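Build the full structure now, drawing on both the sequences and the hints.
Which chain is which? The protein sequence lines are Z, C and P, in order. Just so it is clear: in the first sequence, position 93 is 93 by the numbering used here, and no numbers are missing. Just so it is clear: in the second sequence, position 76 is 76 by the numbering used here, and no numbers are missing. Just so it is clear: in the third sequence, position 217 is 217 by the numbering used here, and no numbers are missing.
No wet-lab data here; the hints were simulated from the structure. Remember, predicted model here, so these are calculated numbers, not experimental data. The reader is advised that the hints may include incorrect statements.
Some chain C residues close to chain P (C-beta under 8 Å, calculated; not the full set) [claimed, not checked]: (1) I15; (2) F18; (3) I36; (4) I66; (5) A70; (6) E72; (7) G76; (8) I83; (9) R87.
Ideal Cβ placement from N, Cα and C applies to all residues, glycine included.
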Amino acid sequence: MFLLQKYDYFFVFLLIISFFSILIFSLSKWIAPINKGPEKFTSYESGIEPMGEACIQFQIRYYMFALVFVIFDVETVFLYPWAMSFYNFGISSFIEALIFILILIIGLVYAWRKGALEWS
Amino acid sequence: MLEHILTLSAFLFCIGVFGLITSRNMVRALMCLELIFNAVNINLVAFSNFLDSSQIKGEIFSIFIIAIAAAEATIGLAIVLAIYRNRKSTRIDQFNLLKW
Amino acid sequence: MKLELDMFFLYGSTILPECILIFSLLIILIIDLTFPKKDTIWLYFISLTSLLISIIILLFQYKTDPIISFLGSFQTDSFNRIFQSFIVFCSILCIPLSIEYIKCAKMAIPEFLIFILTATVGGMFLCGANDLVTIFVSLECLSLCSYLLCGYTKRDIRSNEAAIKYLLIGGTSSSILAYGFSWLYGLSGGETNIQKITNGLLNAETYNSSGTFIAFICILVGLAFKLSLVPFHQWTPDIYEGSPTPVVAFLSVTSKIAGLALATRILNILFSFSPNEWKIFLEILAILSMILGNLVAITQTSMKRMLAYSSISQIGYILIGLITGDLKGYTSMTIYVFFYIFMNLGTFACIILYSLRTGTDNIRDYAGLYIKDPLLSFSLTLCLLSLGGLPPLTGFFGKLYLFWCGWQSGFYLLVFIALITSVISLYYYLKIIKLILTKKNNEINPYIQAYIITSPTFFSKNPIEFVMIFCVLGSTFLGIIINPIFSFFQDSLSLSVFFIK
Chain Z
1 MFLLQKYDYF FVFLLIISFF SILIFSLSKW IAPINKGPEK FTSYESGIEP
51 MGEACIQFQI RYYMFALVFV IFDVETVFLY PWAMSFYNFG ISSFIEALIF
101 ILILIIGLVY AWRKGALEWS
Chain C
1 MLEHILTLSA FLFCIGVFGL ITSRNMVRAL MCLELIFNAV NINLVAFSNF
51 LDSSQIKGEI FSIFIIAIAA AEATIGLAIV LAIYRNRKST RIDQFNLLKW
Chain P
1 MKLELDMFFL YGSTILPECI LIFSLLIILI IDLTFPKKDT IWLYFISLTS
51 LLISIIILLF QYKTDPIISF LGSFQTDSFN RIFQSFIVFC SILCIPLSIE
101 YIKCAKMAIP EFLIFILTAT VGGMFLCGAN DLVTIFVSLE CLSLCSYLLC
151 GYTKRDIRSN EAAIKYLLIG GTSSSILAYG FSWLYGLSGG ETNIQKITNG
201 LLNAETYNSS GTFIAFICIL VGLAFKLSLV PFHQWTPDIY EGSPTPVVAF
251 LSVTSKIAGL ALATRILNIL FSFSPNEWKI FLEILAILSM ILGNLVAITQ
301 TSMKRMLAYS SISQIGYILI GLITGDLKGY TSMTIYVFFY IFMNLGTFAC
351 IILYSLRTGT DNIRDYAGLY IKDPLLSFSL TLCLLSLGGL PPLTGFFGKL
401 YLFWCGWQSG FYLLVFIALI TSVISLYYYL KIIKLILTKK NNEINPYIQA
451 YIITSPTFFS KNPIEFVMIF CVLGSTFLGI IINPIFSFFQ DSLSLSVFFI
501 K
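Shown next as structure tokens:
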């Protein structure tokens, strides 16, 4: 605590917050009536009757979409530094970024033609 | 201040290596690999903030590391999928076909 | 800072061979997407043509002065040119090796070619990378493609297992390498260019600190994983055994060459302030890999596993040249790498041919092969003897130069152990040869019985046999002309960045 002088406020807040959370939970436990029944143990699905188990297996399709998404999602990160300094670089960097996007598009077309984006 | 960040990244690195050695599930091993890459990223961003705030080469490096880690994780998950299709399990300790 | 982004037109010629390969792999991808009808001959033709063009360009430019291009992230000199042309040469030899295997295993062809070409491009960039970012990205470009190639037969559980093991271990090693890089970046005061890092470390006087030592250990461990030196070699036999055989042939040479070029550059340029330190570490690793690789190879029963351990020991021999550190040492290292391509690819061509016709990799199933196919058994014998280093063959001359350079520079222990272990290696190579040549009467094993005899005419031979004969000729007769080769490599290496101070 002596090393991090800037963090004094943070630790004060941490203390207050932990105190409050303990206080509120113990209050609700003390005040609230205790009922036991089968309804208590079902999972909460926004008030509707729960359907099926809580641990279900997802469709494998989601997995394929996720794989394709992760790649293209991360590649766009490279466009942010380029966009931030677009005016410093001029037209040649624009062409280079176009080539970069073109290669990404070829990849997307590849995924599409090979059926990675089909649901059925 | 820099020492704390470096300590944090060293801890993350150690947790990642420990997890890679001990984990039984393949997806968990991939997550530990990501932990190590994140330790590297923390190191790079911290150094670039403290030493190289004009050119921020470290942050650029960390962007590249993020992209490559994502590609590696994707390939890993695709191989996990192929393995799961073939033998209905993703546990590392059941891989014992290749031994001396 | 003003960035010159249209520098491509100035420095374009330095990466022209790589650009040709990238362009051709995009063309293959587009052809695969637009034409549903598979006309695979064209795909092979395009890839082989682009590889040929790029190796011709490399050979025309092999004597260049060191040029640093692309804001210091890429360096071209004669050392890189030689190693890049080795990598392209390996790919040219490996694509014909895999044609028939792919056909038999019913794998997709365009993706295979794309992965091979991408791995080649990654290895070529790795040879010339001059920047921590470039090193990391091109290293991963090479290794990600290798993981995919290892798991290319998706239905085969062994191939899957090899791929996931390779991925986990390769990912670990490259992340450890990246951790070392991040420490170097910090300790040098925010530099990523490897020459500037050395200057930064010297200026900040942090080159003796414990942080630099941690970075050095991390980088050394990462490199040793890539080169499969002994305490970090456990992945090699598993991957060699599980992966498809043409892929193993490709990986066993390409990733070794690229890793060797990377190690030479990093250790010589980045850690040029403490040459004695890294030489001691490398010496220990080389001795361990020579001893353990050769001893464990004796007990193996699978041919591919045996070759894996023998490749571990071969990298130990190659490291002698790197440890020696002078012009002659580097020249003999380069020559041995060049010969190693022929010997190793020749052996793998024989194994691929045999396993395609019989479907087995076990050593004991080779018994009595001589009766059925004299050509195959003869070339396998020559390649194995050359790997072991028997006198009139090529491998002997390569080893002779390596050991002689090491002895002259005073690494007596290293050379002594190398000599003893190469005698041990001759034992297990000769064991296989004895098995092939001896004929056990009335007891031919079923694999040999099922062996299909090839047609004797010359033109109906398949591409594997051409590559096999080519490699056998190389690994038999190249040793005779070693003196011109030596002076050729010495001339061009003396122009490289390590010797122009």
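Evaluation of the provided hints:
Interface hint at I15(C): violated, since its Cβ lies 13 Å from the closest Cβ of chain P, which is beyond the 8 Å cut-off. For F18(C), the interface hint is violated, since its Cβ never comes within 8 Å of a Cβ in chain P; the closest pair sits about 12 Å apart. About 4 Å separates the beta-carbon of I36(C) from the nearest beta-carbon of chain P, less than 8 Å, and the hint is met. With a cut of 8 Å, the hint placing I66(C) at the interface with chain P is violated, because the nearest CB-to-CB distance is about 11 Å.
Interface restraint check for A70(C): the shortest CB-CB distance to chain P comes to about 11 Å, outside 8 Å, so the restraint is violated. The interface hint given for E72(C) is met, as the beta carbon of that residue sits about 6 Å from the closest beta carbon of chain P, less than 8 Å. Below 8 Å, beta-carbon pairs count as interface contacts, and G76(C) has one with chain P at about 5 Å; its hint therefore holds. Proximity of I83(C) to chain P holds as hinted, the smallest CB-CB distance being about 5 Å (cut-off 8 Å).
For the restraint placing R87(C) at the interface with chain P, the shortest Cβ-Cβ distance is roughly 6 Å, inside the 8 Å limit, so the hint holds.
Hints 1, 2, 4 and 5 from the earlier list are contradicted by this structure; the remaining hints agree with it.
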